[in-house]
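Student: Working from the sequences, and respecting the hints, build out all of it.
Each protein sequence line maps, in turn, to chains D and H. For the first sequence, the UniProt record's numbering assigns the number 1 to the initial residue and increments by one for each residue that follows. For the second sequence, the UniProt record's numbering assigns the number 1 to the initial residue and increments by one for each residue that follows.
Keep in mind that the hints were calculated from the coordinates and are not lab data. Everything hinted at is true.
DSS-like mimics (lysine-lysine), calculated; alpha carbons at most 25 angstroms apart, straight line:
(1) D:K426 to H:K433
(2) D:K580 to D:K620
(3) D:K429 to H:K433
(4) D:K624 to D:K499
(5) D:K549 to D:K620
(6) D:K567 to D:K624
One side of the interface only, derived from the structure: several residues of chain H facing chain D at Cβ under 10 angstroms:
(7) D485
(8) H489
(9) F493
(10) G496
(11) S538
(12) P581
(13) L624
(14) Q627
(15) D631
(16) V636
Each pair of labels, with its calculated beta carbon distance range:
(17) D:S134 to H:Q451: 50 to 56 angstroms
(18) D:E326 to H:Q721: 34 to 40 angstroms
(19) H:Q451 to D:I422: 30 to 36 angstroms
(20) D:I422 to H:T113: 56 to 62 angstroms
(21) H:A618 to D:E326: 43 to 49 angstroms
(22) D:Q444 to H:R456: 40 to 46 angstroms
(23) D:L131 to H:A618: 47 to 53 angstroms
(24) H:L723 to D:N317: 33 to 39 angstroms
(25) D:D284 to H:E575: 26 to 32 angstroms
(26) D:I422 to H:W460: 33 to 39 angstroms
(27) D:P133 to H:W460: 54 to 60 angstroms
(28) D:E326 to H:E575: 43 to 49 angstroms
(29) D:D284 to H:K112: 56 to 62 angstroms
(30) D:N317 to H:R456: 51 to 57 angstroms
Where is the CB? At the ideal position from N, CA and C, for every residue including glycine.
The residues making up each chain are set out below.
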Amino acid sequence: MQCAQIQINYYYVGLWTGHDFHSQFPSFATCSKELKECSGHVFVDSVPEFCLPETELIDLSTVDVILISNYHCMMALPYITEHTGFTGTVYATEPTVQIGRLLMEELVNFIERVPKAQSASLWKNKDIQRLLPSPLKDAVEVSTWRRCYTMQEVNSALSKIQLVGYSQKIELFGAVQVTPLSSGYALGSSNWIIQSHYEKVSYVSGSSLLTTHPQPMDQASLKNSDVLVLTGLTQIPTANPDGMVGEFCSNLALTVRNGGNVLVPCYPSGVIYDLLECLYQYIDSAGLSNIPFYFISPVANSSLEFSQIFAEWLCHNKQTKVYLPEPPFPHAELIQTNKLKHYPSLHGDFSSDFRQPCVVFTGHPSLRFGDVVHFMELWGKSSLNTVIFTEPDFSYLEALAPYQPLAMKCIYCPIDTRLNFIQVSKLLKEVQPLHVVCPEQYTQPPPAQSHRMDLMIDCQPPAMSYRRAEVLALPFKRRYEKIEIMPELADSLVPMEIKPGISLATVSAVLHTKDNKHVLQPPPRPTQPTGGKKRKRASDDIPDCKVLKPLLSGSIPVEQFVQALEKHGFSDIKVEDTAKGHIVLLQEAETLIQIEEDSTHIICDNDEMLRVRLRDLVLKFLQKF
Amino acid sequence: MPPARPDTEYPGGRGHASSGHSLAPSAGSPAFWRDARRALGRVPPSVPAKIRQVARPGAGPEAAEGRGAGISSLIMDPECSQLLPALCSVLADPRQPVADDTCLEKLLDWFKTITEAGSSLLLLQENPCLLGLLCHVLKPQDLSPRVLSFSLRLAGMLAAQEDCFQYLQQGELLPRLFGEAGPLGGAAWTAPSVRSGWIQGLRSLARHPSALCFLADCGAVDTIFSLQGDSSLFVASAAGQLLVHILGLSLQGPAEGHPGLQTGDWPVCAQKIVSHIEESLRSAATPQITQALNVLTTTFGHCHDPWTQVLWGRLSPLVACLLEKDPVPAAHSLVDLLLSVARSPVLSSSSSGLWETLAQTLSHLSPTQAGPLALGILKLQECPQVLRAQAFAVLLQPLTCVLEATAQAPGLLDSLDGTGGASVTVDTLLPSKAACVGLLCRTLAHLELLQPLPQRPSPWPQAPLLGATVTILRLCSGSATPTSDAGGHLCAFLVGCVRVQRAALDFLGTLSQGTGPRELVTQVFAVLLEYLTSPDSSPTVLKKAFQATFRWLQSSPETPGCSDLDPHAHLFLRELLPVLPKRLCSPCWEVRDSGLEFLTQMIGRWGGQAGFRRALLASEVPELTEQLLRDPESYVRASAVAAMGQLSSQGLRVTPASPEHPGGQQKSLLAELLHILSTDSEGFPRRAVMHVFTQWLRDGHADVAGDTERFVARVLQVASQDLDWEVRAQGLELALVFLEQTLGRPSSHCPYAVTPPVAAPPSSLAQALRPLCRVQLFEFAFRALFDCDRPVAQKSCDLLLFLRAQTASYGGPQGSGSVPEVASVEAALQRWQAGDQGQPLGYLEPEVVVAVLRSMDLEGLRGALAESSDRVEKSPQSLLQDVLATVGALGEDEADCY
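Tutor: Written out as structure tokens, the structure reads:
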């Protein structure tokens, strides 16, 4: 069985909407139409393409199970389920699937709105690529990049997901049990426990200890782990989310007060819920009650509504609101009072309702496609306006590069609620796993801040780190398997107390193994010989049990044994000590008895009678059961 | 009145106690009284005969004569004397437990006042029920520990006077209370309150030589020794204090002038205590050493008699021995003792080895323990220079470590390290996060305390301290780039640590009092800007950063020739002003509030300077400040009101059309503030408005000067309706300013006020008072005079008295208002005083006002208001009644009468 958790990053190449750049690369004549230059940066003009999960190490068709941690890391699922021969099962929580679907739907929608006939491919030629400036020349596996999937593929991929709830135990082929636990990061986000009867591995990825909208992280269930695999920590460890939210609000208010508009490139779910909640509390104090907030996304309506119905996946405060009954998120009230309006796109109702100054939340946060592109075009030329980046996944400088020169103010307030290193340290102290396994990057300070010893995992024993494409042997061995004994077999056992508290019993049974479950069943009864058949076929003998020989235990006291031999008429007995025991030599009978800790050998020449006599003498000193 | 002593003449009165038959059995059980009679039956022969001639309350005309002499009333009110037997009976009755400890404490306070003012013996004889109570508590019964403790303390208090002590000794009451036979051996001793009462009783009792003998005889000193280790900290501490007291007492008196050169010549009691201390100091158990050190610390701290010199001479070798142990036991107590010795004028001047011991201690103690000792040494007035240098080096060690670990410029390091301290590495001094944070916070706090003192070390290493503080702040923010491993560890410990950030910013602010090299000052401003800009600065850190910034700006040198900011400060301000709007828009109200407070300070200091004005007007700050007048948080609104008041006073208010009111007419600030005063639901913004208005009136603000009378009338009208007494009181302040401006005032009355352009004094009184009448100032003041809040009434009374005094300075007919009109006003005022303030006075003619003012007993009213409103409730009589009432009501209701 192969079991993998797949996190999929996507890489973008440029998409141009409304820009027209003249080619300035005569040396790349062959692909000059694909390349565009802007303010000293080179971009590829193409349909967006996505970098797929690496498949060198794993043949995805042999993967049995995919466990999804949160909706942000399932974006490449259609590529796997639809194009790799994958036939396994995908497990995820319901909100993960629903919101993941929204994110994919938005992505597909954005891409399909601006169709382009062809992907740029000439620049991928290795000879050309290596001549291109960074970051194009550094792009990896460009030949494997693919165009976006379709909604059909999305639906097909999602249909392969099996829904699970927190703390639900899922049996995987009898070999292990997997259990999702709340990770506190997003609606339905999960950490996974993978355990057998004697081993426990926790996979902690994308977790948060902050009090935001999702159910708090379940730390208690992670205790007693043999190995804790830790990944998905905050991407911006130096940015405190609280401070960033403060910056976000202050900059938003300052811009709007000066008559400018605010553009917030964001995903349609996740941090936006928390931002709207903060703004709900803030707008009155900032005198922004009359400023409209617009949320534009093909899935805006679904996202806002879904968030209100997943009560059981929310934090305690929000859950209790449901029983009042009140909507758990205050954006319901913002919508009710017309302070927040949502639209599927900027065409249609939005254009008639649009009023400035305003605040617009829209995607895509990469600024390469989606409605955000239009707002960048519309507002980029005025210094009164501000674009505020909150999603930590993208470099805001790279995102803005094709829009230069830009007059509008740019503020970078990355809000990443995932664990930082201080929180990791607290978590590990609380959970106390025997071993921690994490990516190598987490075990040393960031290269740009090499003095920041606080920006690394510090635990005892030191974390085991792994690099890209490295295969790591986890530091435990499977020593035991659990075997069940059928009740009727158990009834037949006759335990004998060897030491106080320790009893032994011999078991004769058939070990039945199926789906990694081992069961001892009573042996089939010996077949009664039937009158008509005189001869049995050889194959019939196999299930028959031979006459059971008793098991022996105990040790043979040499002196007493010699006395016994003498008593039985043996004379001329000589005893020699060896490294492993003794040799009793019956010179007269030309026989040798070799007594060792776990074996006794009687060596005599062709005198079966003598051997049997001696054997019986030996057996007298041993216990039988 | 001198306190009555046993050997003084007592005033005459009817004797009643000699026969023991004249006790009035007014309350209590027969047994209770039998005990009292038995105890009183034997009046000691040493007591003068006249002691029996005591005025008895309510005992007829003779008694009244006695009271007429003024002695008896000082001892106890007759009403209280009458209530006392019932009280004693209640206390002695286990079936009527006293629920409230505070009653008993108050009763003891009262008895203390009485016994300090007069004869305790008289008190006992006048009130035999007290003796009855003391006898009664000795009986084996289920008495509450509180009452037992109370009785022990009362007995000690009474026995503080030697004649009373002997009187009680005659009945052998004291040994029964404090000796082995008393509660000491009983079950009640398990209650800490009883043990505490026992100690406090002895503490009161031990005032005279007889008491010392008693203590020795009843073996109390040994018990006190054991109580030093009591499980109750209060008891243990009190036991230590008592030992100090007994030691002091035993060495007082005859021995005082000639302390024995050897402790062997000392009284037995003192010798016993000293031996016990010695034994404890030799002990291997830290708690015992701590006890001994604490006793010595208290002794040397309170007593500077020559015998302390002998004591220290004997014990100092033992104390020095403690330093040889590793680790040094009871280090904190040892530090306290050594500092106490060093501060004692007797010991520090004579003790030859003291400075060496201090030096040795400094080097033996851990950095955390040595810090307080170093600070203490540096605070000493007289101290060898070498020791001071060593102490300063110890104090600076953590900062030296910081500089060392972050590889600062060698110059900085040398001047800190050059003070003589051994170089210590970060690993040993700051080994863990908790140790590092704790030590740095303490060091910074110690240095902050030291900086303003005249005896601070000189030369003061201003530059290295600045450098170290800036480095610590950078380590905390993560912006420092240490090159060594030690620096990296330090960074990991300190990054994001709010405690250290606060301590460092406080100290940085204090360092603004000194100067520093230009590049360091630049670094200071840079780090302050970093903190003010950083989104990660917590609200409390930000507040400290604002405070430090203001102090540094204040201390920056002014441009020659004008009082404007220097060019560097200007440059800083140019960078700071874009940050301020962001802070004023923060979602965290504490940040908005700190920002506004900072702004108000800045405008107050530099509002008149052209450079600052230009920079401020070019920013969004004034407009944002005005918007914060409508902030949902009341503290922010209050700060915004203060800031707007300043902005407007300095002519810095801008009125651009806001996005919310494009093209709309801006309300005048006066109208806006009046709106806040009339409608704001919280008191703070309304108080702030009143302060701004008062200041505006005082300064002759343009908005006010246009029509001052209308302004004052409107403000007083609104303020008089306010539910917050501070707003009403501030209204009176504003009224006073107006009054002074109208009538003219002697400049000495309020020296701190800025002298406004006062109109020429009007020629006649009526003319002078007319504006006051027009603004209805008198209606406001008279209402305030009967205000239910005393401060308002007092302020109004003062204002009216001032006004009356002012009117007296005018010549001509005064108070000639028509009689019916005056009478009607007076009638209205009487109704107001009675609580019916519905009817307004309407417009009053100046003559009527003067007449009413004359007729009013304002001095009497002021006297009445000066008395505490709870004077009746605080009287002893009320206390006794309350105790009795509480006990009586216990069955039905557990309510606390206090």
